[in-house]
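Q: In terms of the working numbering, the sequence shown opens at residue 12 and continues consecutively.
By construction, these hints were calculated from the structure, which means they are not laboratory data. Since we're looking at a predicted model, the values are computed, not measured. It is possible that some hints are incorrect.
Simulated DEER-style distance windows between Cβ atoms [to be verified]: (1) A37 <-> R148: 38 to 48 Å; (2) L164 <-> K54: 42 to 52 Å; (3) Q146 <-> E34: 42 to 52 Å; (4) A37 <-> E138: 18 to 28 Å; (5) K156 <-> D93: 13 to 23 Å; (6) R160 <-> H116: 51 to 61 Å; (7) L91 <-> S144: 57 to 67 Å; (8) Y39 <-> Q100: 47 to 57 Å.
Straight line, CA to CA, 25 Å or less: simulated BS3-like cross-link-like pairs of lysine-lysine [unchecked claim]: (9) K52 <-> K32; (10) K70 <-> K52; (11) K110 <-> K183; (12) K87 <-> K28; (13) K43 <-> K28; (14) K87 <-> K32; (15) K28 <-> K52; (16) K134 <-> K54.
By construction, the Cβ of each residue, glycine as well, lies at the ideal position given by its N, Cα and C atoms.
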Amino acid sequence: MRNDTNAPASEHDSPSKSQIKREMQALYDLGKQLVALPPEKLKQLPLAENLYDAILLAKRTTSREGLRRQVHYVGKLMRLADTQAIHNQIDVWANGSRKETQSLHRLEAQRDHLLADDDALTKLLAEYPNADSQQLRTLIREGRKERQRNLSLPPGQEPQRKHFRSLFQALKVLNDASGNDVAEISSPAIESTENL
């Protein structure tokens, strides 16, 4: 019987066959993601010239089997690339758009709250004293009138949203100028009116 505790440490330090296969599959999957990216985004990634050319060739390949082989080749070239930097940039693109979407949803909720509650503007102006209160009051007043007109429209007629959008844009400018998200007013969420 052999005692494995005396075996050289190098036998246990090398990755298993399964681990190597998982790593190669991850590189293949990353290669597929890169092939799916538009050329403008590919140029922003830290790619070697031969890897960039291989990705562009894969984009031009129309044969299913040829594409599979080319993507495998891209995965093979990925072994020499800085995959962490590539992953980081792809994550920034993915999460950046999520954060932007969340910010826009907060602005929409803020706009709806301003249209529904008179005290909401006071709270917003307390948070952002440099905001143009007269412009915001005018946009809120016109937005409320617009909403009332839209509620009385016959079915099938397109509702007007000019002031509704203008208020949103004013909040967006305020948000961008302050460098952070527009303050969320502590009150229950306001449900959007269906025709607005």
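Q: Hints first: check each against the structure and report whether it holds.
A: Going down the list of hints, with the structure as the test:
1. A37 <-> R148: 38 to 48 Å: With a Cβ separation near 55 Å, A37 and R148 fall outside 38 to 48 Å, so the hint is violated.
2. L164 <-> K54: 42 to 52 Å: Given a distance of about 48 Å, which is inside 42 to 52 Å, the answer is holds.
3. Q146 <-> E34: 42 to 52 Å: Taking Cβ atoms as reference, Q146 and E34 lie about 57 Å apart, which means the hint is violated.
4. A37 <-> E138: 18 to 28 Å: Because 45 Å falls outside the window, the suggested range is violated.
5. K156 <-> D93: 13 to 23 Å: violated (57 Å)
6. R160 <-> H116: 51 to 61 Å: violated (26 Å)
7. L91 <-> S144: 57 to 67 Å: Check passed, 59 Å falls within 57 to 67 Å.
8. Y39 <-> Q100: 47 to 57 Å: violated (19 Å)
9. K52 <-> K32: violated (28 Å)
10. K70 <-> K52: Holds - the C-alpha atoms of K52 and K70 are around 14 Å apart, at most 25 Å.
11. K110 <-> K183: holds (14 Å)
12. K87 <-> K28: Holds, because 17 Å separates the two Cα atoms, which is no more than 25 Å.
13. K43 <-> K28: holds (23 Å)
14. K87 <-> K32: OK: K87 and K32 at ~12 Å, within 25 Å.
15. K28 <-> K52: violated (34 Å)
16. K134 <-> K54: violated (45 Å)
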